[in-house]
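Colleague: The residues making up each chain are set out below.
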Amino acid sequence: MLDPVGFPLSALLESMVQTMLAMDTGLGLVIGVGLSMSASHLFSLLANRLCLRQIALQMVLDALVLSLALSLGILCHSLMLTLMEHVPPQPIMMANRMGAALWPGLFYVLVAAPYISDLIAVTLLAWIHLNVMLLLQVHYGIPLQEGLVVSLPGFVLALVLIALVFAQRWRTSYNTLAREVGR
Amino acid sequence: MEPSAAIQHHRNHLRLGWRVVVILLLITSVLAFLGVSAVRQDAAILLKPESIRELLIMAGALVVVVVALVGVYSVMVDFVFWEGWMRGLPDPRDLFPALDPNTSGHRHYLVYLDGIHQSEEDHPPRVSEFLQHLEQAIDRDSLLVKGIEAYTITPVGLKSTPFAHWFWQRLFSLQEHHPNGWVRFLCSFCVQANNVIKVGISSDRRYGPVMNYELALKIARRLAAIGFHPSRASRVVLVGYSGGGEMAIGAAAMLQKLCHVPVHVITVCGVFSGNGDLETLEHVSMVVGSKDPVAALGRIAYPGRLPLLPLSNWNRWLTYGRLHRYEIPAMSHNGNSGPFSRDYRDKVVAAICSELALTQAG
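Residue numbers (numbering that gives the first Met the number 0), protein chains in the order written: chain Y, 0 to 182; chain R, 0 to 361.
Just chain Y, with the same shape it has in the complex:
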């Protein structure tokens, strides 16, 4: 199914593909990943000095916004496929096929950890991107190099949206802190 890149690497990629195909999960995973991402910046909500009810509400809202960002990323993949590979646009089917690629994002909550957060975040995001490329190869027969180009705009779009949500939350918390010190 995959081009032999060298035995250990191709075996590893093959096992990653089999894992995703065996998952039998679709777009529903996006909500789980959104919740995990939202939970990773729980402390920014605590820094805002919100009450527990407000924190829960904000977390659910953020989870939905982050899920939307990821879904938009997948929609972008679909558009790129149409433009570059002339695959008819089928966003729902594509989302169901690509949803499994997001499973490492379920561990995104670990990004809440200080000092190793950047390492975890970069690893998980790179892993998701690799998964998308592998699934594009399996479902649409697109080689990995071309898959990289097809999936890059959607990936960047999703990353920018996620970064905006996170930055906005942390900025609010710094404002709270500045008010506390400045009063």
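Source of the hints: derived by calculation from the structure; they are not laboratory data. Because the structure is a prediction, the values reported are computed rather than measured. Any given hint could turn out to be false.
[Claimed, not checked] Calculated pairs, SDA-like style, for lysine to any residue (alpha carbon to alpha carbon, straight line, at most 20 angstroms):
no. : chain 1 : residue 1 : chain 2 : residue 2
1   : R       : K256      : Y       : Y173
2   : R       : K256      : Y       : N174
3   : R       : K256      : Y       : R178
4   : R       : K256      : Y       : T175
[To be verified] Footprint (simulated), chain R over chain Y, 3 or more residues, beta carbon under 8 angstroms:
no. : stretch
5   : 41-55
6   : 100-114
7   : 166-177
Glycine residues also receive a C-beta, built at the ideal position from the N, C-alpha and C atoms.
Given chain Y, put chain R in place with the hints provided.
Modeller: Just chain R now, with coordinates in the frame of chain Y:
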């Protein structure tokens, strides 16, 4: 009880202990023998390279998850304090209420923040001796403030930390009194790991501001308790050794806002990120040893201080701030060639005093 009877009792106690250990070892050996015979095939599979690789991957993943969870727990404590759920977070407006005529006449306050080895308010003997020397060397107008636990945010030390005091008390007891050197080492390692995590939180762009604010509040409260008042004092100098350097740089800007006086930072063999809010600081100085591997490693571990990232807080501050560097030849990070050793402490004290004189004039 007679002394000989006490010794006899202790000897009997030890003998009993040894017998129990020997019996337990025998039982374990028999069980292991039977167990290995029963699962020989499974054990053979376990020794295959694929199994070992899988085991190593699992162990690596487990380490990442555990380290992440410990970090999250540590951050949680800071934020719980910040939320006021632990009580004890003071209102900054009430820090220096009114000028008491009996307040201290000192104008310069030197606050010492110890390295990651610190577990209690008292410093180790070698550090205490160094601080005595420093106290004698600074002028009469200056006051040295010692015994601040830089790695706890509440006014109390780790021993009295809410929710976890029982754990720390047990750990310190084992660290000091356990007869086995490995156990003492492990306990000491745990204390230092906790402090390293705090250094990591302080340098984290997301969590650092809240934690540094809490530490600045702690220092300000201590200063207020010993008679500091913004209308009389002219500056506060934070002297941070090793990881204390990061805590000093992290808390300096906040402390400046809380105390309404300029805050200067002197790091001694400092390991710091350069992520701290340095914009409002006028003076930062570094006392470094030419043979200090830890400080050199810190510079690599924290890329914000490398010239590769010109927009980092540290590199931006360097373009307009005044960094004074005092290099002491052949000085290492700790031990017999460290800054607290007899060979180097006078040189370090002299460097600190030079910096105090220089920045006082400036």
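Colleague: Taking 8 angstroms as the Cβ threshold, is the statement that the stretch 100-114 of chain Y is covered by chain R upheld or broken by the three-residue rule?
Modeller: This one holds; 5 residues, not fewer than the three required, reach chain R with a Cβ under 8 angstroms.
Colleague: Quickly compare the C-alpha distance for K256/R and N174/Y to 20 angstroms and report which way the hint goes.
Modeller: Holds. K256/R to N174/Y sits at ~15 angstroms (cutoff 20 angstroms).
Colleague: Is K256/R close enough to Y173/Y, meaning Cα to Cα at most 20 angstroms?
Modeller: holds, 15 angstroms
Colleague: Would you check chain R against the stretch 166-177 of chain Y, counting CB to CB pairs closer than 8 angstroms, and say if three or more residues qualify?
Modeller: holds (count 4)
Colleague: Please verify whether K256/R and T175/Y have alpha carbons no more than 20 angstroms apart.
Modeller: This hinted pair holds, its Cα atoms lying about 15 angstroms apart.
Colleague: K256/R and R178/Y were given as a pair; does the straight-line alpha-carbon distance stay at or below 20 angstroms?
Modeller: holds, 12 angstroms
Colleague: Closer than 8 angstroms Cβ to Cβ for three or more residues is the test here. Does the stretch 41-55 of chain Y pass it with chain R?
Modeller: Result for this restraint: holds, n = 5.
In terms of the numbered hints stated before, the structure departs from none.
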